[in-house]
Amino acid sequence: MDISLSRDTAYQLVLEKIGENNLLKHILSVEAGMRKIAEHFDEDVEYYGLTGLLHDLDYNETKNDEARHTYVTKEWLKEYNLPDEMLYAIEAHPGHVPCRTRLDWALYCVDPTTGFLVAAALMHPEKKLSSLDAKFILKRFKEKRFAAGATRENMAACENLGLGLEEFLLLVRDGMMKISEKLGI
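First residue of the sequence shown: 190, per my numbering; consecutive thereafter.
Please note: incorrect hints may appear among the correct ones.
What the hints assert, rightly or not - Cross-link-like lysine-lysine pairs, in silico, DSSO-like; alpha carbons within 27 Å at most:
| # | residue 1 | residue 2 |
| --- | --- | --- |
| 1 | 214 | 333 |
| 2 | 333 | 316 |
| 3 | 316 | 328 |
| 4 | 371 | 324 |
| 5 | 317 | 331 |
| 6 | 317 | 214 |
| 7 | 371 | 317 |
| 8 | 317 | 367 |
| 9 | 214 | 328 |
| 10 | 214 | 367 |
| 11 | 214 | 267 |
| 12 | 206 | 367 |
| 13 | 252 | 267 |
| 14 | 206 | 371 |
| 15 | 214 | 324 |
Unchecked claim - Each pair of labels, with its calculated beta carbon distance range:
| # | residue 1 | residue 2 | range |
| --- | --- | --- | --- |
| 16 | 331 | 265 | 34 to 40 Å |
| 17 | 201 | 370 | 18 to 24 Å |
| 18 | 231 | 286 | 24 to 30 Å |
| 19 | 331 | 192 | 35 to 41 Å |
| 20 | 253 | 233 | 32 to 38 Å |
| 21 | 342 | 257 | 21 to 27 Å |
No lab work stands behind these hints, which were simulated from the structure alone. Note that the coordinates shown come from a computational prediction; the quantities given were computed from them, not determined experimentally. Quick reminder that beta carbons are idealized off the backbone N, C-alpha and C, glycines included.
Given these sequences and hints, build the entire structure.
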């Protein structure tokens, strides 16, 4: 798909709006997870990645007003004439609109999964994403108080992608492992 917003320009926009902090690490993790999901389904990796990269662009502006989250992003991105499907997926990720497409479901599910996987890696004795196997991840998933902010229902909605939970979690982990140095885990 021909998009007028390059990854480099989008990244500079993220740095401008978000800064270099843990939220940036989350955004990069979501981008990496989205890329891996796209690769798995033979979808446009750049398109999925860009959607992940932009999904929380307005977070610093809207963190105290969840109802505005994503809508400010949409306004900021108007000048780039991005596809409606991409903007819709960004709106769908916090549940403002229902998921309809594979892109929507991917972002909806990947978003909380990245934080969950970071927490699991930090709890693991080796403190590395590469040390997380399915057994360890699934055991943590069943512990409701572990990484409680990572909504299990959103993560489990991966079945709407035609993926089982274990396969989905490992795909996102594998995507994040590609940037593990940037993440420090």
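Each hint tested on the structure:
no. : hint                  : result
1   : 214 / 333             : 24 Å, holds
2   : 333 / 316             : 21 Å, holds
3   : 316 / 328             : 16 Å, holds
4   : 371 / 324             : 25 Å, holds
5   : 317 / 331             : 20 Å, holds
6   : 317 / 214             : 15 Å, holds
7   : 371 / 317             : 12 Å, holds
8   : 317 / 367             : 12 Å, holds
9   : 214 / 328             : 24 Å, holds
10  : 214 / 367             : 13 Å, holds
11  : 214 / 267             : 25 Å, holds
12  : 206 / 367             : 24 Å, holds
13  : 252 / 267             : 21 Å, holds
14  : 206 / 371             : 19 Å, holds
15  : 214 / 324             : 25 Å, holds
16  : 331 / 265: 34 to 40 Å : 39 Å, holds
17  : 201 / 370: 18 to 24 Å : 21 Å, holds
18  : 231 / 286: 24 to 30 Å : 26 Å, holds
19  : 331 / 192: 35 to 41 Å : 39 Å, holds
20  : 253 / 233: 32 to 38 Å : 34 Å, holds
21  : 342 / 257: 21 to 27 Å : 23 Å, holds
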